[in-house]
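Asker: Listed in order, the protein sequences are those of chains A and B.
Residue 1 is where the first sequence starts when you use our numbering, and the numbers rise one by one after that.
Residue 1 is where the second sequence starts when you use our numbering, and the numbers rise one by one after that.
These are computed hints drawn from the structure, not numbers from a lab.
Nothing here was measured: the structure is a model prediction, and the numbers come from that model.
All C-beta atoms in this analysis are idealised placements derived from N, C-alpha and C, irrespective of residue type, glycine included.
Do not take every clue at face value.
Computed, partial: chain B to chain A, Cβ under 7 angstroms [to be verified]:
#, residue
1, 160
2, 167
3, 168
4, 210
5, 263
6, 286
7, 291
8, 292
9, 322
10, 326
One-letter residues, chain by chain:
There are 2 protein chains.
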Amino acid sequence: MSDLFLQACRREPVERPPVWMMRQAGRYLPEYRAVRKRADFLTMVGTPELAVEVTLQPVDLIGVDAAIIFSDILVVPQAMGMTLSVEDGVGPRFHHPLRAAGDFERLRDVAPEDGLGYVLDALRLARRELAGRVPLIGFAGAPWTLMAYMIEGGGSKSFSLAKRLLVEDPPRAHGLLGRLADAVGSFLVAQVEAGAQAVQLFDSWSGAVGPQDFREFVLPYLGRAARLARTAGAPVIVFAPGSGWALEEIAAETEADVLGIDWQTDAGDARRRIPPTRVALQGNLDPCWLYAPPAVIRERTHRMLDDFGGRGHIANLGHGILPDVPVSHAQAFVDAVQQWRAR
Amino acid sequence: MSDLFLQACRREPVERPPVWMMRQAGRYLPEYRAVRKRADFLTMVGTPELAVEVTLQPVDLIGVDAAIIFSDILVVPQAMGMTLSVEDGVGPRFHHPLRAAGDFERLRDVAPEDGLGYVLDALRLARRELAGRVPLIGFAGAPWTLMAYMIEGGGSKSFSLAKRLLVEDPPRAHGLLGRLADAVGSFLVAQVEAGAQAVQLFDSWSGAVGPQDFREFVLPYLGRAARLARTAGAPVIVFAPGSGWALEEIAAETEADVLGIDWQTDAGDARRRIPPTRVALQGNLDPCWLYAPPAVIRERTHRMLDDFGGRGHIANLGHGILPDVPVSHAQAFVDAVQQWRAR
Chain A
1 MSDLFLQACR REPVERPPVW MMRQAGRYLP EYRAVRKRAD FLTMVGTPEL
51 AVEVTLQPVD LIGVDAAIIF SDILVVPQAM GMTLSVEDGV GPRFHHPLRA
101 AGDFERLRDV APEDGLGYVL DALRLARREL AGRVPLIGFA GAPWTLMAYM
151 IEGGGSKSFS LAKRLLVEDP PRAHGLLGRL ADAVGSFLVA QVEAGAQAVQ
201 LFDSWSGAVG PQDFREFVLP YLGRAARLAR TAGAPVIVFA PGSGWALEEI
251 AAETEADVLG IDWQTDAGDA RRRIPPTRVA LQGNLDPCWL YAPPAVIRER
301 THRMLDDFGG RGHIANLGHG ILPDVPVSHA QAFVDAVQQW RAR
Chain B
1 MSDLFLQACR REPVERPPVW MMRQAGRYLP EYRAVRKRAD FLTMVGTPEL
51 AVEVTLQPVD LIGVDAAIIF SDILVVPQAM GMTLSVEDGV GPRFHHPLRA
101 AGDFERLRDV APEDGLGYVL DALRLARREL AGRVPLIGFA GAPWTLMAYM
151 IEGGGSKSFS LAKRLLVEDP PRAHGLLGRL ADAVGSFLVA QVEAGAQAVQ
201 LFDSWSGAVG PQDFREFVLP YLGRAARLAR TAGAPVIVFA PGSGWALEEI
251 AAETEADVLG IDWQTDAGDA RRRIPPTRVA LQGNLDPCWL YAPPAVIRER
301 THRMLDDFGG RGHIANLGHG ILPDVPVSHA QAFVDAVQQW RAR
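Same shape as in the complex, but just chain A (with noise of 0.2 angstroms):
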């Protein structure tokens, strides 16, 4: 058993950075093609055996040091009764997205082992598999960022439908954050019963709004969410990429064990804003990077790791890895990691 992700969220002293890779269950491994041709991507991820399949493959075939369950962010609006979709060249889709005052009031309250249990199961399933080689973590969607996606109905440019809400109807807004708030941080801390190690909340569009906004409509909901996933115990790590400028205010919001620090942040910056001894840092080597040859890769990852410091230091992405990245390049990325020696 490598316990390596988890001292290092508890920014405890550790030989070397542990690594993983966001979406690192994904299209550019050719094992996880083949399940995909099988089944499609809500399939894969309403059935715990092709869930709990795809979650092993990177640790299996890359020798990543963590696991991160197979899902996606939208399955708690979709147990809250909104119907989703999600296709090749297209992404996420809701049918029906959040319009109208009625839209908003049918929306279900969730109890995660009912409308969720296929991921608490898919999470009891991969503990069993991993059988302690390396700690599983859950995760879940970040209020915000599931209000925008479900007002939008998919990604956008601008976020200008559900910005529009914001300065529309607060209070309407600010009543389905509340609900979104309620929702994940139960949905986390039932991952954690259910066998995940640590949890993520991903805040994938926190940058889509300014400061302003951020303080109002963003930040006080990750931290409702943040603070109840961690009644469980378990290290919560929380990401908000886009809104590196909020760090320390994130750090103190949130009550985070880690903060996810993406491409855009230096790392060396964030370091110094947010020192080992207080919270633990993961990221950030910019996913497009992996296109560079094995050996600018290794390099470039080694300055990151030196930036970082080692202590407290979780390597990852800043970003999800890209579907068309060689797997002998993300190969080299976590290859890199591994050789590593702080200084």
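For chain A, the structure is supplied; the task is to place chain B on it using the hints.
Answerer: Showing chain B alone in chain A's frame:
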């Protein structure tokens, strides 16, 4: 003749900040949509009479304090030999994006009077028709942003093709960026000679790269283009949205008279970092805030003006105005600025 805008560019004392809006000649105006019905986007850009008609609309209809010539940043790659189309709902597309070495070699160097004479004609005509009412702004896209479009073929979520070139073949990237810096810089000089009283460089995708790539591939060429443009004697505005962390470096490298501030950046923070004695700032109301009721627009605009402090500030949005904003809300923003007085 109102000199307010040019005085603010030069950081001279003014009774109140001037105001204009990025994309102010745009689809939110019914009068613009009427012209657009008669001619497609590229015909409007390519026909000085039509370009000038829509350039003047926000001056006549909303009372902004500066006009910006109606054009597009992609006219430069187009003049270098690339075939462009702009379709409703799709956005700009190059038919043959740069991929193989030969695609880069085939690009022509541009002499502004030659390939871009129609933009210069539009500027001359606009100056004549404005008859001194408000100053006229010219503009161009910055080298990295143009190269990113030329490689991707259009907009992109991750800009992974353009960023891939930066790690796979840095010398080829530097070669094209240098050619673009010279093309753009001379184009802006020619615009000033044709009548532009200030020019703005848009590095719209500067936020698509992390700090290390920004310093190697973005900033040096943004600076080269800006410094070349400055030789014409008119104020140079540099707008690099998504790179608020680098304001000090951008100011130093570009020697810009004015820095554009995006809506992601806190106005007061930007002003503290860049004092009004050194560089003027332009921005930065979140365009989505124009969905708010006019009373809220007024209050937030006044707070923004307070945060910038009056001196050396040009009021603007922090990004282009959105097409579905009511005209009365755009008017509320402009009115709020024109009624404000520094306290």
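Asker: With reference to the structure, classify each hint as holding or not holding.
Answerer: Now the hints, each set against the structure:
| no. | hint | result |
| --- | --- | --- |
| 1 | 160 | holds (5 angstroms) |
| 2 | 167 | holds (4 angstroms) |
| 3 | 168 | holds (6 angstroms) |
| 4 | 210 | holds (5 angstroms) |
| 5 | 263 | holds (5 angstroms) |
| 6 | 286 | holds (5 angstroms) |
| 7 | 291 | holds (4 angstroms) |
| 8 | 292 | holds (4 angstroms) |
| 9 | 322 | holds (6 angstroms) |
| 10 | 326 | violated (12 angstroms) |
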